[in-house]
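Student: Put together the whole structure using the sequences plus the hints.
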Amino acid sequence: MRVQSPRQRHNQRVLVLAIAYAALLFPAVYLLSRHLVSGPIAYAIGVLPALPVVGFFVVLGAYLIEERDEYLRMLIVRQTLVATGVAMTAATIWGFLEGFELVSHLPAYAWPMVWIAGQGAGACANRVIERRAA
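Start counting the sequence shown at 300; every next residue gets the next number (this note's numbering).
Since the hints were derived computationally from the structure, they do not count as laboratory data. Every residue, glycine too, gets a C-beta built ideally from N, C-alpha and C. Misleading hints may appear alongside valid ones.
Simulated restraints, written as ranges between beta carbons of each label pair [as the list claims (entries may be wrong)]:
#1 R372 / G338: 40 to 50 Å
#2 R377 / L331: 11 to 21 Å
#3 S337 / A432: 53 to 63 Å
Tutor: So, in structure tokens, the structure goes:
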């Protein structure tokens, strides 16, 4: 039996979480948008799609702990810093524009999605930096 690398385990965990997110989001939207549930059950259903998103952050931390290659760990840290910079910058700018009533309200759950997109920007930044270094 072949032993999985930390990266392979991370990718597998993210895939499972992405599937769980979709599996929980669609029923929650259906039930809550049609007001088919109420009270504490509605709150519980409303929280369910957030749990896999929280899981994305947990498995990233697990990957950083499990990865023994310092260079690969540095790449993930740099990618995460770019993602955090992208998300926090976007949230700050949007927050001020929203506060001045220049843009519409954006739900808070959008910012982790911006962070996840920022992970892609961080991966691109890693590629550009590595090509320049070669």
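Student: Compare the structure with each hint and give your call.
Tutor: A quick look at each hint next to the structure:
Look at R372 against G338: about 45 Å separates their beta carbons, and that is inside 40 to 50 Å. Between R377 and L331 the C-beta distance comes to about 38 Å, which lies outside the given range of 11 to 21 Å. Taking the beta carbon of each, S337 and A432 are about 57 Å apart, inside 53 to 63 Å as hinted.
Checked against the numbered hints above, the structure breaks only hint 2 and satisfies the rest.
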